[in-house]
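There are 2 protein chains.
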Amino acid sequence: MLSPAQLAGLIDHTLLKPEATADDILRLCREAHENAFCSVCVNPVWVAHAAAELHGTPVKVCSVAGFPLGATLTAVKADETRRVIELGAQEVDMVLNLGALKSGDRELVRADIAAVANVCRQQQVLCKVILETCLLTHDEKIIACQLCVETGAHFVKTSTGFSTGGATAEDIRLMAAQVKAAGLGVKASGGIRTLADARAMLDAGATRLGVSAGVKILTEARGAAR
Amino acid sequence: MLSPAQLAGLIDHTLLKPEATADDILRLCREAHENAFCSVCVNPVWVAHAAAELHGTPVKVCSVAGFPLGATLTAVKADETRRVIELGAQEVDMVLNLGALKSGDRELVRADIAAVANVCRQQQVLCKVILETCLLTHDEKIIACQLCVETGAHFVKTSTGFSTGGATAEDIRLMAAQVKAAGLGVKASGGIRTLADARAMLDAGATRLGVSAGVKILTEARGAAR
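Heads up: the sequence lines are chains P and E, in that order.
Taking this note's numbering, the leading residue of the first sequence gets 4, the next gets one more, and so forth.
Taking this note's numbering, the leading residue of the second sequence gets 4, the next gets one more, and so forth.
These are computed hints drawn from the structure, not numbers from a lab.
Please note that a few of the clues may not be correct.
It does not matter which identical chain is used: a pair holds within one copy or between any two.
Stated by the list, open to error - Each computed DSSO-like pair below joins lysine-lysine, with the alpha-carbon atoms no more than 30 angstroms apart:
| # | residue 1 | residue 2 |
| --- | --- | --- |
| 1 | K144 | K20 |
| 2 | K105 | K20 |
| 3 | K105 | K219 |
| 4 | K219 | K183 |
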């Protein structure tokens, strides 16, 4: 069983709602620092604010590319990645090209992931690839994981939190089976609201958690550890 | 009362679901041509496909920038706009920076819209600005409309279809009152599923309709006109 501090170190404290304000982002950063979360995960418009607020702390800034539809051009995702890194992002969660995957265009999906992963690797930034598992078939999930391994991504991630469903233990097990041997991490995100949810994901093989309820989950964990 | 043909000419035939496939996009284009819709509205990844399919027809290709959260960097939205235009888009629907608007940073919202509108105007492409009205207060809707007028956007548009609500007649009336005198159009989008919905929006002042149910609505209109 992880200690509360170990659990905190696996949490990307996440606020991606488009209506989030500057004050909301500052609160997120302060909570992340107080609770020693791994990172804050914010939209590109807030990366500079978050990086300034978290300067000198161990909390990283994570941002997103092609989020949440994954349906923009590869060049745009790569440019967005470059720019958020310049502004202070140390991790980038991209959404793969779901339409290309569903159209059987594996090469386009591969090139899209590779373009973002290459920018990240050049800058020593972690690249996570969001599959949006709720929209994929079993076979599409496996293909997506294989492409993430082949292109040098650092993590596969289940969900954006903006589609029809979030992380399930079954998907985490499937993804972990595909990528763990190659050294990739697995980020569970979407619908993780309680300590029980978080533990179920970790038990299934998740190595990172994307949650907006991080403070609540950690409070629960501290209570359970007493 | 508009004729069915006039109604068709106001419709942006829309498919922005991230899981849409190449076949879905071809079907959308064929329906748009058969029904003489104004445009197809597709994600950036599909602009080149749609432009090739619709080449030589009067149907335009509309795409999106910063969609659907509006929470990416101004430079990324402008670059995305430039690229979709290069690929064949003749209209671009951008999402404004909702977080900046809600944080009271009017100048950032203005600069963000202006950057995209300027790219569009240089290329003689229509720029529509999505307010995501369901997330805005009355005053924020008015400020957003004023900024769209000041920055030279061509249209204000209600909704992305990916948030908590769509177009309402009340919002269309408010937006039309703010922008019509300056010559801007008003696009109603989100939740318009029937001929009655479409008529309610047009009666309230909409000059364009973004709908995925265009074929159904037009079939209804032809029935009603008999």
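Quick rundown of the hints versus the structure:
1. When the C-alpha separation of K144 and K20 is checked against a cutoff of 30 angstroms, the pair qualifies both within a copy, at 26 angstroms, and between copies, at 18 angstroms.
2. Within a single copy, K105 and K20 get their C-alpha atoms as close as 27 angstroms, and across copies as close as 12 angstroms, so both meet the 30 angstroms cut-off.
3. Taking the closest pair of Cα atoms, K105 and K219 come within 30 angstroms of each other only across two copies (26 angstroms); inside a single copy the shortest separation is 37 angstroms, beyond that limit.
4. Only within a single protomer do K219 and K183 lie at most 30 angstroms apart by alpha-carbon distance; the minimum there is 29 angstroms, versus 48 angstroms between protomers.
Figure legend: structure checked against the earlier numbered hints; every hint is met.
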